[in-house]
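Peer 1: What follows is the residue order along each chain.
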Amino acid sequence: MSALLYIKQLNWKVSGKTILNNVDLNVSTGEIVGIIGPNGAGKTSLLRCILNQQKDFTGTIHFKGKNINSYSAKKLARHFAVVAQKANPIFALSVFDVVSMGLLPHKTMFSLNNSQDLHQMTLALEKVGLANELHSQYNHLSGGEQQRVLIARALVQKAVILILDEPTNHLDVYYQHQILTLVKNLNITVIMTVHDLNLAAQYCQRLVLLNKGEIVADDIADKVLNPIILTEVFQLPCQREQDPVTNVARVYFHLADQITTSDNEQLSTNNEQQRNPTNNNKDQTQAMSHE
Amino acid sequence: MSKFSVKIFLLAILCLASTFAALTIGPASISTQELVSCLMGVCQNTVTEMVVWQVRLPRVLVGLVTGIGLACAGTILQNITRNPLADPYLFGIVSGAALGATVANITVANQLTIALPLAAFVGALSSVILVVVIAKALQRMEQLLLTGIAVSFMFHSITQFLLYLGDPFATNRVIFWLMGSLARVEMSNFYVISTILLFALVIIFALHRQIDALLLGDESAASLGVNVDKLRLAMLAICAALTATIVAYCGGIGFVGLMVPHIVRQVIGVTTVPLIIGSALIGGTFLLWVDVIARSALDSAEIPIGIITSAFGSIFFLLIMYRTRNNQEAR
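Here the protein sequences come in this chain order: U and C. Those letters in the first sequence? Residues 3 to 293, per the working numbering, in order. Those letters in the second sequence? Residues 10 to 340, per the working numbering, in order.
To be clear, the hints were calculated from the coordinates, so they are not data collected in a lab. It is possible that part of the hints are untrue.
Here are the in silico distance ranges between beta carbons for each label pair [as the list claims (entries may be wrong)]:
1) 246/C to 124/U: 34 to 40 Å
2) 113/U to 308/C: 52 to 58 Å
3) 323/C to 117/U: 44 to 50 Å
4) 117/U to 21/C: 20 to 26 Å
5) 334/C to 10/U: 57 to 63 Å
6) 249/U to 14/C: 54 to 60 Å
7) 94/C to 138/U: 22 to 28 Å
8) 58/C to 136/U: 50 to 56 Å
9) 214/C to 117/U: 19 to 25 Å
10) 67/U to 243/C: 51 to 57 Å
11) 49/C to 128/U: 54 to 60 Å
12) 239/C to 136/U: 29 to 35 Å
13) 30/U to 21/C: 22 to 28 Å
14) 173/C to 115/U: 53 to 59 Å
The model shown is predicted, which means the values in this text are computed figures rather than measured ones. Note that CB positions come from ideal geometry on N, CA and C, so glycine has one too.
Please put together the full structure from these sequences, using the hints given.
Peer 2: Below, the structure written as structure tokens:
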């Protein structure tokens, strides 16, 4: 129970359909945890349960040793900051307007922004490299800059855990790396859902692979990105290699009919090689997830 | 002094000056000097004193708070629904009031002075309650506006049916009342509307950060600790009470709540505090001048206010469409 966030036997069903099934997860202070998995695996649902936005789950979620249900919504917002996928406000909000929203959990009724708040907001924007954009219109910024503004809002929120739901969706390669480098350098606990497995492997200390609401693997990227497991989970033949620069595992998927006979033989050989040295990684990771 | 403070200061001066100007303009012309002496209680002409205190002042003050109230209600409804086309009237408030007024006309026509505003208020509130109940039952709180339009049409058809069956005199009375007018308002109306307005403004300023959080989406607001459904419901109730009171005393005055926040967003800001202050000042000023036109444009009769605001509103929207098209072409 020393983990910052402790989840035990988390189950969530909607109209008889299992969304999350016996999820066990511990997150320690300072960890960057990536939640990966196919569409409908339960990634966002898990985040919703952690944020207590979903009340009808069974199981235990403890934050700092206390049940998540014992926190009011406002208190919870002081500990968890959320950076969602791209936001498209209808009205012409300024960067100042968006970042100052982060002050909400710390403010009382009627309170207006004071000079200390302004200083705090400027510092947060400096940290994300947007110090000169305080009065710019949020909608006029690029997708990457908008995500950085949302991260600045999260910093102003002074949260202990930063939750990111697909933070790199809609972003080009440059901004994907820029955002995730920024997140990595913040030195706070991060839980994020990521579709791009290679990005997740590069920036997360630990990956949690979800499939059909269950944790299939929970380990360092090198162990979770196992072609056998991934082929099974994503229903696509998977190949893996080491990135020559970062030495992190990289995986590739191909549609079955795109693979020629020789590719298929190569794939089988690769998968066999993966199977032997790790001595059946799948069994290991599954066993781990049940512990 | 910041740009925002300068703009608000200028708008406040304009609003104050308009209030004084509106007190002097009308069928009986009153000079500024006469007005000041009457307001200070040293009026030399008893007729002027009566016109100022019993006719002009109640009418101008009710016009001012009506403009402020409708603009503030529109502002809040647009922000909580994130829909720039949201307006108190789209939530079925006027159609509810019309139904209430029609029922009062048919059943207690001889006690209309009290019954009509009361019935209109009850009708307007019932309509909003129905909108919320349906939206909640369908678990579509974010689609309050569509539910409002549906309920509005339903109430409208019942009203039309009752008017079709009723006598022509009652029909005329209801139709004229729906056009909106400040001709029959009294000082007591000002006290009631301003009390509810004050209450609404206090709540809005207390929750301004929560309302702002909604501008980036419901999930974003929830992650900041906002109970989105409760907040939306509370704001809708406040706007409904405010608009229902105004409609009950002044009839249907459309487009103010729709138009004013649009203008204020362009010149002042989009978040609650600047938007509400700006909308209040511009809304109040706008309705004062609309009322001045209503009572002085024709020699023989008054033009119903709703006709003028609707005319302004339609021109305003054509201008917005023209500007949007030009902006798109410029890109």
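Peer 1: The structure should be examined with respect to each hint, and the outcome stated for every one.
Peer 2: Against the structure, the hints come out as follows:
{"no.": "1", "hint": "246/C to 124/U: 34 to 40 Å", "in the structure": "holds, 38 Å"}
{"no.": "2", "hint": "113/U to 308/C: 52 to 58 Å", "in the structure": "holds, 54 Å"}
{"no.": "3", "hint": "323/C to 117/U: 44 to 50 Å", "in the structure": "holds, 46 Å"}
{"no.": "4", "hint": "117/U to 21/C: 20 to 26 Å", "in the structure": "holds, 25 Å"}
{"no.": "5", "hint": "334/C to 10/U: 57 to 63 Å", "in the structure": "holds, 58 Å"}
{"no.": "6", "hint": "249/U to 14/C: 54 to 60 Å", "in the structure": "holds, 58 Å"}
{"no.": "7", "hint": "94/C to 138/U: 22 to 28 Å", "in the structure": "holds, 27 Å"}
{"no.": "8", "hint": "58/C to 136/U: 50 to 56 Å", "in the structure": "holds, 55 Å"}
{"no.": "9", "hint": "214/C to 117/U: 19 to 25 Å", "in the structure": "holds, 21 Å"}
{"no.": "10", "hint": "67/U to 243/C: 51 to 57 Å", "in the structure": "violated, 34 Å"}
{"no.": "11", "hint": "49/C to 128/U: 54 to 60 Å", "in the structure": "holds, 57 Å"}
{"no.": "12", "hint": "239/C to 136/U: 29 to 35 Å", "in the structure": "holds, 32 Å"}
{"no.": "13", "hint": "30/U to 21/C: 22 to 28 Å", "in the structure": "violated, 55 Å"}
{"no.": "14", "hint": "173/C to 115/U: 53 to 59 Å", "in the structure": "holds, 56 Å"}
In summary, the numbered hints that this structure violates are 10 and 13.
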